[in-house]
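Once you've looked at the hints, dock chain B against the given chain A.
In order, the protein sequence lines correspond to chains A and B.
Sequential numbering of the first sequence, starting at 0, is according to numbering that gives the first Met the number 0.
Sequential numbering of the second sequence, starting at 0, is according to numbering that gives the first Met the number 0.
Think of the hints as simulated: they come from the structure by calculation, not from any bench.
Ideal Cβ placement from N, Cα and C applies to all residues, glycine included.
Treat the hints with care, since some could be wrong.
Stated by the list, open to error - Keeping only pairs whose Cα atoms sit at most 16 Å apart, straight-line, the calculated EDC-like set for lysine to aspartate or glutamate is:
1) B:LYS61 <-> B:GLU36
2) B:LYS61 <-> A:GLU160
3) B:LYS54 <-> B:GLU75
4) B:LYS61 <-> B:GLU75
5) B:LYS15 <-> B:GLU36
6) B:LYS72 <-> B:GLU12
7) B:LYS54 <-> A:GLU160
8) B:LYS27 <-> B:GLU66
9) B:LYS81 <-> A:GLU160
10) A:LYS168 <-> B:ASP79
11) A:LYS168 <-> B:GLU75
12) A:LYS168 <-> B:GLU76
Stated by the list, open to error - A partial selection of chain A residues facing chain B, derived with a Cβ cut-off under 8 Å:
13) ASN57
14) HIS150
15) MET153
16) GLU160
17) SER161
18) LYS163
19) ALA164
20) LEU208
21) SER213
22) PHE214
23) ALA217
24) VAL219
25) CYS223
26) THR227
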Amino acid sequence: MEALFLYGFFQRAFLTGIFIAIACGLLGIFLILRRDAMIGHGLAHVAFAGVALGLFLNVMPLAVALFMAVVASWIIMKLKVKAGLHGDTAIAIFSSVGFALGILLATLSQSFNVDLFSYLFGEILAIEPSEVVFSIVLAFVVVLLIVVNYHKLMYMTFDRESAKASGIKVDRLDGLLTLLTAVTVVLGMKVVGILLVSALVVIPAAAGLQVASSFKQAIVLSTCISITSVVLGLVLAFLLDLPASGSIVLLSFLAFGILFVFRRARG
Amino acid sequence: MDSVATEQELLIEIRKVAYSYGYGDVLKDVSFPINQEDFLAIIGPNGSGKTTLLKIILGLLKPRLGEVKIMGKTVEEFADWKTIGYVPQKATHIDSLFPVSVKEVVAMGIQSSRRFPRRTREEDSCISRALQQVGIEEYKNRRIGNLSAGQQQRVFIARALANHPKILMLDEPTTGVDVKTQEHFYDMLHRLNREEGITIVLITHEVGIINKHVAQVACLNQTLVYHGSHDEFCRSDEFKRMLADGHHLVSHHH
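If we strip away everything but chain A, and leave its shape as in the complex, we get (with noise of 0.2 Å):
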């Protein structure tokens, strides 16, 4: 197994994996708590239309993504707080419209195809080394952002009037978990692909707090699962020929089930 970490493309992904999954665990305890666990569905679909673009007009499609995925976010993010729409309601058209677009222009620019199956499945173990540096960076910058940011998400996620009224200026951490989603979400897509990169974000998270009695606790343990995830279905993936998308995150709902079953048997 060793001679695993001698392949070039394999050390590429799991580093990438590493950094992603950190961002995606730490990120996920947020946005479970604030009742957002479905934003990152909805930006996957609209980074998919990102992509899209970037395949027809030949540009780098993570980048392109990425754009789309931030203005969308920004969107969201005042339609809810200033159009009055109900819950989830924004996501859900984002999320449709994207989708519809991405499909328009794929099918116009004829690029239905690998590369294209390749975002929407995910294909870490395919990654080019120019994406790794651009993914460390990013995810590098999204854990930074939140670590040192720490206290007031929590304060603000737990107590959103207390928080503000102890001069917490919330709009502006609202913007930041924002931006910092759709960038993990677009860094997501490169792991897991469009379509399960929201189980990424959300499954790590929810079996943290299955078990956890501290803020600390469901932190540390999101990311560890998420990771751990990471790691075992790349490895999984690479040892017994199967999808790593597919792998990681059904080892992710494992640790989910496990720890599930053992709050409810402990009461």
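For chain B alone, coordinates are given in the frame of chain A:
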């Protein structure tokens, strides 16, 4: 009407404040001062504008007319929000399944301006002291959702105390808490007021629940109908009229 001694330092000045949610004013022309070491109860029936006024003081809402000055500065200019400890109405704010320990909740108060997650030794001792002050140190590692309503309320007070506030503002602090716990609760507030010199401002819709420790009363019903000492309020026509209107006396110890 304003019979409160004004020798103490003026902390908050509410001047001609009006507020509207778009269907008529909920507050009209409200003016009164809050002085250092006051123990003030803002009372009034449901819908009388108490919570709205509290939110205006805290800068969460902007008044339609008038202004609030905190330590000589307008709400917009004021930056030292850590000196005002806000204790929200627990029941409407907290998700009982939220994974957060008592210690983490108390730490939120002092750590929110810091950049890195690790606590310093000094912050740890501030947290321990705040927990001791409200008598819940033994629960520090418990998840907050597992505590009783009274204990949770103490956690929020500890969070406010950890910042060494000059003022504590409490929104309906004894809602859903039994009479005995209420007694302990007011004794604790009295101690903080007397021994630590912390100004206490609490709001309640139960007009009769004015504890022996409350020194000043501001009675709201859209406008300010009374502001002055507690003793005078109990002798006032306003108090008698409110009792006659069915705002029953719950706990009035003299």
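Margin query: Tell me the numbers of any earlier hints that the structure contravenes, in ascending order.
Written below: Violated hints: 1, 5, 13, 24, 25 and 26; rest satisfied.
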